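Colleague: Construct all of the structure, not just a fragment, from the sequences and the given hints.
Residue numbers (my numbering), protein chains in the order written: chain A, 1 to 229; chain B, 1 to 229.
Because the hints were derived from the structure by calculation, they are not lab data. Bear in mind that the values here come from a model prediction, so they are computed numbers and not experimental data. Check before you lean on any hint, since a few could be wrong.
Below, computed lysine-lysine pairings styled on PhoX-like, alpha-carbon distance capped at 25 Å [as the list claims (entries may be wrong)]:
hint : chain 1 : residue 1 : chain 2 : residue 2
1    : A       : K163      : B       : K80
2    : A       : K2        : A       : K80
3    : A       : K2        : B       : K163
4    : B       : K2        : B       : K80
5    : B       : K80       : B       : K203
6    : A       : K203      : A       : K2
Stretches of chain B that chain A covers, calculated by requiring three or more beta carbons in the stretch to come under 8 Å of a beta carbon on chain A [to be verified]:
hint : stretch
7    : 40 to 53
8    : 170 to 180
9    : 188 to 194
10   : 220 to 227
To give an idea of the interface, some chain B residues facing chain A are shown, with a C-beta separation under 8 Å as derived from the structure [said to hold, decoys possible]:
hint : residue
11   : M84
12   : G101
13   : P104
14   : S106
15   : R127
16   : L135
Idealized CB from N, CA, C, for every residue including glycine.
Protein chains: 2
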Amino acid sequence: MKLLTIDTSTSTCSVALTLDRRVAGEYLLQLDRTLTNRLLSCIDTLFRDAGMEVGDVDGFAVALGPGSFTGVRVGVATVKGLAMAAGKPVVGFSSLAMLAGNIPWSSFPVCPLFDARKNEVYAGIYRCSSLPEQLAADCVLPPAEFLKTVPGPAVFVGEGAEKYRNLITTAMGADALFAPWHVNQPRASAGALLAAELFAKGKIIPLAELNPTYIRPSEAELAKLQARP
Amino acid sequence: MKLLTIDTSTSTCSVALTLDRRVAGEYLLQLDRTLTNRLLSCIDTLFRDAGMEVGDVDGFAVALGPGSFTGVRVGVATVKGLAMAAGKPVVGFSSLAMLAGNIPWSSFPVCPLFDARKNEVYAGIYRCSSLPEQLAADCVLPPAEFLKTVPGPAVFVGEGAEKYRNLITTAMGADALFAPWHVNQPRASAGALLAAELFAKGKIIPLAELNPTYIRPSEAELAKLQARP
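Modeller: What follows is the structure, encoded as structure tokens:
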């Protein structure tokens, strides 16, 4: 099937067009601003260069988070719009599972880490052979707390792993392995791998139920809770 | 350093802009025609969207093969032109080492395979922790012959691994592991990982000595040899 997959969970945005078991095109950009405009422009460029149109795809897929609140919301909203206009189904997947997919056939469990600000990380533990399998629920924790849940040697990947590299090395010593830098950013094509499985299993999400997975409440939600009498 | 890395070893073309230990942008396209035009257009798109110009980069890197003769020649010629115009240094790396870089921290040796036509594969054996390390020289062989040189369980990756999957499974049984499909195409960003090491070690190649590594003679060379008295 022809699939458009979008990831905007971090400051790196990526879009991938996949055709059955092959990447027809993938565009990844490190963005520091104006995600909304840039995302549509990336999608447009990719479709044009691949000689395809939005109406040609059989389905859409999107990274649901955790990650940047605004980023994930823009990604989900964009996919909702595209899917509604094209009348095609949508699946969604964990942004951390997608990042773990950058380390297939790893010797050790893979721990994808995003920087969650406030001295915390979004983190997960996955076993990666061909497809990433979740070993523990995605969470948001101070990095030192998360490391207590990692059972032994592990490969740390992502911008969170870069940011807290010293802390991880101090805590875990030789058990701390780090992904090479070229795979530290999530890739929509790794999301497409997960998405193809979800479509095969019929795990389509109705557009009204397609929502970000923030794990922790947003600032707006916290303010609302605190304002309650 | 700012680096532009180009790969055109197979029918998948990719270009990556990297900034120290981070991918600023990567564009990958499956091409079936007109590589020369498309490659420059991809480079142009990437520079524009990353807010950079050719003159901003500190160096260039290119996949030298083995792979498609025409593809590799176009990649090398393009990088020569860019480097000469910009007055910046160039490094080159094995296209198979780059493909092996898609499977970091693998439990087993990684065998990158390109289809070399004529019932042969371009193949290598690498140990991949953070950086791919060559365990045996890149070669061109019928797949069954190559498999005799693989010492035990291995992860096969690339379009050659897809094409000869049944043959590999029959020959190696449970010792044959296959990369998930989303990493079967080479990526310029994995080349950038190798290129950054080469620049750090001062392994710059003078433009006059920057040549493709075909491993086997081209059809034109064979015809010339056969035509000799």
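Colleague: Now tell me, hint by hint, if it's right for this structure.
Modeller: Checked hints:
1. A:K163 - B:K80: violated, 36 Å
2. A:K2 - A:K80: holds, 17 Å
3. A:K2 - B:K163: holds, 21 Å
4. B:K2 - B:K80: With a Cα-Cα distance of about 17 Å, the restraint between B:K2 and B:K80 holds, given a limit of 25 Å.
5. B:K80 - B:K203: Holds - the C-alpha atoms of B:K203 and B:K80 are around 16 Å apart, at most 25 Å.
6. A:K203 - A:K2: holds, 16 Å
7. 40 to 53: That given contact holds, which follows from 5 residues of the stretch 40 to 53 of chain B lying within Cβ reach (below 8 Å) of chain A.
8. 170 to 180: holds (count 4)
9. 188 to 194: holds (count 4)
10. 220 to 227: Contact hint for the stretch 220 to 227 of chain B vs chain A: violated, 0 residues under 8 Å.
11. M84: With a closest approach of 27 Å, the B:M84 hint is violated.
12. G101: holds, 7 Å
13. P104: Given a least distance of 5 Å, the restraint on B:P104 holds.
14. S106: holds, 5 Å
15. R127: violated, 11 Å
16. L135: Given a least distance of 16 Å, the restraint on B:L135 is violated.
Hint check: violations occur at hints 1, 10, 11, 15, 16; the rest are consistent with the structure.
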